[in-house]
Amino acid sequence: MNLDILWYLVPSVIMFCCGVYGFVTRKNMIAMLVSLELMLNSADLNFAIFNRFLFPDKMEGMVFTLFAIAIAAAETAVAIAIIINIYRSIGSTEIVETNKMKH
Amino acid sequence: MFGNILIWFVIIPVLMMAGLGVCRNSSMAAIRAVMVIGSTILLALAIWLCVDFLALRGAGVDDEMLFTGSWMWYAPLNIHLAVGVDGISVLMLLLSAVIVFAGTFASWKINPLPKNFFLWFALLSTGVFGFFISIDMFTMFMFYEVALIPMYLLIGVWGTGRKEYSAMKLTLMLMGGSAFLMLGLLGIYWHSAPAGGELTWNILEIARNNAVDPSWQNLLFCFTFVGFGVLGAMFPFHTWSPDGHACAPTAVSMLHAGVLMKLGGYGCFRIAIYLLPAAANELAWIFIILTGISVVYGAFSACVQTDLKYINAYSSVSHCGMVLFALLMLNQTAMTGAILQMLSHGLMTALFFALIGMIYGRTHTRDIREMGGLMQIMPYLGVCYMIAGFASLGLPGLSGFVAEMTIFFGAWEDADMFHRAFVVAATCSIVITAVYILRVVGKLLLGKVHDEHHLQLTDATWFERFSTVTLIVCIAGIGFFPNWINETIQHSFLPIIHALQNAI
Amino acid sequence: MGITLPILILAMPFFMFLLLGLGGVKMSRKVAGVLGILGMGTTMTLAYIVAFTYFFSGDAAFIIDGVRQQFQVFDVTWLAFTERLVVKIGFLLDPISAMMLVVITTISFMVHLYSWGYMESERGFQRYYAFLNLFSFSMLGLVVATNIFQMYIFWELVGVSSFLLIGFFYRLPSAVSASKKAFIVTRFADLGFLLGILTLTFFTDTFNFVDMTSNPMNVLAQTGGATFMGASVLTWAMVLIFTGGMGKSAMLPLHIWLPDAMEGPTPVSALIHAATMVVAGVYLVARMFPVYCVVEASMTFITVVGAITAFYAAVVACTQIDIKRVLAFSTISQIAFMMVSLGVARDGMPGGEHYSGLGYMAGMFHLFTHAMFKALLFLGAGALIHAVHSNDYTKMGGLRKYMPITHWTFLIGCLAIAGIPPFSGFFSKDEMLAAMFNNNWIWGAWMTMVAGLTAFYMFRLYFLIFWWEENPNYKHHRPHDAPWQMSLPLIILAAVSVVAGFIPFGELVTWNGVSYHIHLEAPVAVTSIIVALCAIALAAKMYMRKNTLPEKFRKAMPGLWTAAHHRFYWDELYIFITHKIIFGIICSAIAWFDRHVIDATMDGFAKVTQKVSFAIRGLQGGNVQAYVLWYFFGAVALALITWICLL
Amino acid sequence: MVGNIILYFVVALVITVFSVMAVTTKKILRAATYLLFVLLGAAVFYFQLGYEFLGAIQVAVYAGGIMVLFVFAILLTNKPNENENPLRSHRQVVGVIASVIGCGLLLWALFTMPMLATAEGTRSLSDALTSGPDITMKMIGEAFTGTEKYQYLLPFEAVSVLLLACIIGGVTVARKR
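Protein chains in written order, with the working numbering: chain A, 9 to 111; chain B, 11 to 514; chain C, 495 to 1141; chain D, 11 to 187.
Read the hints as simulated data drawn from the structure, not as lab findings. Just so you know, these numbers come straight off a predicted model, no measurement behind them. Each residue gets a CB set at the ideal place from its N, CA and C atoms; glycine is no exception. Treat the hints with care, as some may be off.
Chain C regions said to be covered by chain B (calculated; three or more residues, Cβ under 8 Å) [unchecked claim]: (1) 564-578; (2) 597-610; (3) 647-656; (4) 701-715; (5) 912-918.
One side of the interface only, derived from the structure: several residues of chain D facing chain C at Cβ under 8 Å [stated by the list, open to error]: (6) Val104; (7) Ala108; (8) Ile111; (9) Leu115; (10) Gly142.
Partner residues aside, some chain C positions facing chain D, computed with beta carbon under 10 Å [as the list claims (entries may be wrong)]: (11) Gln1119; (12) Val1122; (13) Leu1123; (14) Phe1126; (15) Phe1127; (16) Ala1129; (17) Ala1133; (18) Leu1134; (19) Ile1135; (20) Trp1137.
Sequences and hints are given; from them, build the entire structure.
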């Protein structure tokens, strides 16, 4: 039994697809954000995995993951700020309600 | 760079825009001052350029272009801000300056938002002047677009009637033309130098290289000619013109019919014919058919219109068709006639639209069925309208005659039946022109006063007189003393004629 | 001869036009009138000096060995089409142009003087004088043209002056439509003229008259025998050029504008539509005469058109009620006479050297005398209209007692046009008939009949106006002779009409400059006198005293009378063609096509784009989840495509 | 070795199960909690792959920072014990279809990818760990503070600016008017 690259990639794929499903089906914006984090994490994980197995003498994948985490953090913070603001304006965090801006 | 006189044709309108920018929207006096000073300087500059140019030519300088200058603008694509003028561009600049000048006075009382109106107006002039001074295709195209875009706002905001529709239609159709044009220009650019040479946008260099592959020329000729032809109101791409002109405010109609439509004709010979001579020789017949149709078709359409501006718009289709028609005859005399027709049409259509604007401003209608006998009420405007009409139907002593005759005599030089038949058809248009012009004059100016309310109307004010007199003087000037213009133009066509002959 | 006088002749009227046109509003009527008359008087004097110098000075520039020369006083470049085809503006002195200078300035001066009385109370008096000066300028420029293009330029200018003057009473819709009609019909004819010039000069490479006419065979050679649709190109060119003349000179079928042009002020009719502008067509043919001579077909065409027109107009003139229309048709008929005369003239005719170019001389002679007596008749008609305020002879009758001056001068005019010796018309008409008989007796006989008709309708008019029976309205409004400004020109012109026949015209004006001695041909002269006298007697019998004879005649041939009264329905035909066919069918169809096909196509592009955008705009609804789904499915689709490709 | 494998299976199971639960649970707070477990699982994988620093960051930033944000946001915007409203059914179906197809496609791609069939692709974790140098803090520090090739000072600074902007933006957007 050998722990090769595929073993690691499979959970990542599952994580990603769960993220997709969640993002598409959720109505609550925070829940969508949660799904988004799943997808992001899956991608981060892939960076690290590919780096480790295919190019072990380099560290670009890891560096990218670091950046991605930093940016994800920033993005989440802003997203949550916006969500809170929307909640304050319309009293809901449901995505279907947000098209009120259009009218 | 600033030592080159041509650059100032672009800088001054920009300065005018800056000047307008600091004016308050409510201070009409300041806005007018900026516009009058600016347009007067432009006119003076154009006259100065003209005199200077003729003096240089007189002194025996016979480079193809004078006052040339070239400054790198975007190195990776070898785009320059290249300027230079020959006799034709000089005259076009003069025409534009005259019309901008007259247009300023014609829109003396523009309302609402005078400041913004003149801002866009100045931007439009920037584009027009820039186009005529450029000899770099890309810069030319850029200025062309600069001239087109303000039109949308000028018509959409300050127009009358179905202005949004017309503005949109005009802009979209002209943009469609530009799309063709861009393809054509890029095509020329990629073939602008022989294999291994440095590609260039410079018209003179391209003409010198003459490296566009004949198999490509036909395609590119169609693209560029149609692209410019749309602006030149070539059948069947002319329908933006009636609606656009009908809805545009006075000064915009003037500038558009007077100058902007000339961009089309100018582009046709400066780029399509000059740079693609082999295709011009080969494909001219297709466009002769189309433009020949334009000439007659526009004239017939004008006969049954009832809106003054529609009549003039269709008349413009006919006259501008004549410009392209003459260019396609590909001989020096006819092409000279085409330029004369551009000048003549520019001036007289500007006069027409100015007068229509003034009449509309008083009667609040443009329907000739609702007016009559205006000659009794506003004799000055009536007389000016008749002069414009006579210029349009080609009365000797006014500019239209000179232009049309030069075209006909030039066109007659092609002795085959195909050309002859179309020339005869085109000459018929002078009769039809007389019909619709006299129809309008009869209904609008002569006869009994149609509407009692019109009796209270006043004749032209001083600024209106100023605007119209400027144009009439130019029209009569060309009509009486055409030969110096004629010679200037003929000389400028020599390189193009050589290119065409070499390409046979 | 220096160039000062010729330039002044052209510049003076133009200057007066500008002065009166631009400054007229500020002037009083009197000032404007006096200025106009003085200006034209000066021009007349100058023209006389130039003409007399040309004819009588004996200068070597003008006459060599008894042969009169063509002399270009000046010829400056105006516009160079190509190196070879250069339009010049110049001043050509030769017999016919010198004669025309005299005719135009004389009549114009008379009309200026006359108008001072006639137009006194009209609005736009200053404008009227300005237009008269514009017309005089254009007409003078036309006759002195050194080249055919200069002629075309001034040809257009006289057209527009005519338009402006016919439409002088622009408040009247009838005047407006008449002016429009005149302009458009002549414009249509000018199209032919232009095409003719284009064709001709394409081969000759020159516009210059002298170059073309001095060696007409060379012109023929230059065309190289090219043909088009069965006729030689030169024939086409000359016939097309003549078309322009047909329009201006109101030849059938382009005559319809002239009767309507009588809507203009009567002095204008006298000047433009009787004496000067309408003979421009004749002048054009005379100018190009040597070239016409080498194209037999075009000469035949001219003759036939002239002969038909002359007869047609004479018949119509017999049935008109409006006195100015009678005179208008009479003018058409007389001009056609001149055309026939030119048409039958040839260089070298049977009957000896004597007949060579006789028709040309006679036509020019008639042009001259006709200008005088027809102007006289028109001005007389103006005096009548001034007196009774109507154009209609039914409102007149028995006026000889009330208006003696008008009566006698009018009678002189009628006698002159009828060709009764010793009045001027007799001499010129006799020469013309001689030339026609010489060419072919058919033309001679035909035109003698027309001459008889002329005498008949003129005396019909004369008797109906001055005899017949008095109109009862005279009791309320007693007609009287016109003021001196109007009577003076009548008397002068009447005097000229009496004596003009004795001018040794043949020694002054011939086609090749060789002088020619006029002598009457007894058979022709006697025949024409007898025919004219019979016609006058018939007219006297029918119209001198009020009787029922005219009524009986009319009843006897109702169809012919009605048709002639309606001018054989030419106007109706034209109205049908222009309104119904050109406007109603062609223009409307094109306008419809433009709106509903071309414009609709362009709008259609926009509509389709809009429809498609509306259809797919839900995809761009701002729903992030939908975007993700689409994106995801898009990625899946791409992956599948890649997979399929890899398979 | 065996420990590694066992650890792997445990973590993989945790990730799979909690991923699914995070997107299917009806309670939003629970979803956040399940997410936390997934994130921690990922952190364990990082440790296992030899990226200790990355794992630490994952725990600190995600589990420590972002999760706290989530919890606060949820508490601010939701009334306790409130269930999410049921979703529209067609979205549900479409979502399932999309994720299943996507999952299948990705897995198929993984198993057929030629790159993974090479020697590098098939080597085991222990091989991979030994065939490269250990990632030390010194190396990471150098990578972030240099301007040479494979050094990232500029992106690093850009990220700091981004974070600053994000702080300001967050404050601006969320503050009370």
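Hint-by-hint comparison with the structure:
Only when three residues or more bring their CB closer than 8 Å to a CB of chain B does the claim for the region 564-578 of chain C stand; here the count is 6, and the claim holds. Look at the region 597-610 of chain C against chain B: 0 of its residues bring a Cβ nearer than 8 Å to a Cβ of that chain, fewer than three, so the hint is violated. Counting residues of the region 647-656 of chain C whose C-beta sits closer than 8 Å to any C-beta of chain B gives 5, which meets the bar of three, so the coverage hint holds. For the region 701-715 of chain C, the proposed coverage by chain B is not satisfied: 0 residues have a C-beta within less than 8 Å of a C-beta in that chain, short of the threshold of three.
A stretch counts as covered by a chain when three or more of its residues have a beta carbon under 8 Å from one of that chain; for the region 912-918 of chain C and chain B the count is 0, and the coverage is violated. A cut of 8 Å between beta carbons decides the hint on Val104 (chain D): the least distance to chain C is about 6 Å, and the hint holds. The beta carbon of Ala108 (chain D) is positioned within 8 Å of a beta carbon in chain C (closest approach about 5 Å), and the interface hint is therefore held. At a threshold of 8 Å, the smallest CB-CB gap from Ile111 (chain D) to chain C is about 6 Å, leaving the interface hint in force.
At its closest, the beta carbon of Leu115 (chain D) sits 6 Å from a beta carbon of chain C; the interface hint therefore holds under the 8 Å criterion. A hinted interface residue such as Gly142 (chain D) counts as satisfied when its beta carbon comes closer than 8 Å to some beta carbon of chain C; here the least separation is about 31 Å, so the hint is violated. At a threshold of 10 Å, the smallest CB-CB gap from Gln1119 (chain C) to chain D is about 7 Å, leaving the interface hint in force. At a threshold of 10 Å, the smallest CB-CB gap from Val1122 (chain C) to chain D is about 9 Å, leaving the interface hint in force.
Hint status for Leu1123 (chain C) relative to chain D: holds, with the closest Cβ pair at about 6 Å, below 10 Å. For Phe1126 (chain C), the interface hint holds, since its Cβ comes within 10 Å of a Cβ in chain D; the closest pair sits about 5 Å apart. For the restraint placing Phe1127 (chain C) at the interface with chain D, the shortest Cβ-Cβ distance is roughly 7 Å, inside the 10 Å limit, so the hint holds. For Ala1129 (chain C), the interface hint holds, the least distance from its beta-carbon to any beta-carbon of chain D being 8 Å, beneath 10 Å.
This hint holds: Ala1133 (chain C) has a C-beta 6 Å from the nearest C-beta of chain D, less than the 10 Å allowed. For Leu1134 (chain C), the interface hint holds, since its Cβ comes within 10 Å of a Cβ in chain D; the closest pair sits about 8 Å apart. Because the smallest distance between the Cβ of Ile1135 (chain C) and any Cβ of chain D comes to about 12 Å, over 10 Å, the interface hint for this residue is violated. This hint holds: Trp1137 (chain C) has a C-beta 9 Å from the nearest C-beta of chain D, less than the 10 Å allowed.
Hints 2, 4, 5, 10 and 19 from the list above are not met by this structure, while the remaining hints are.
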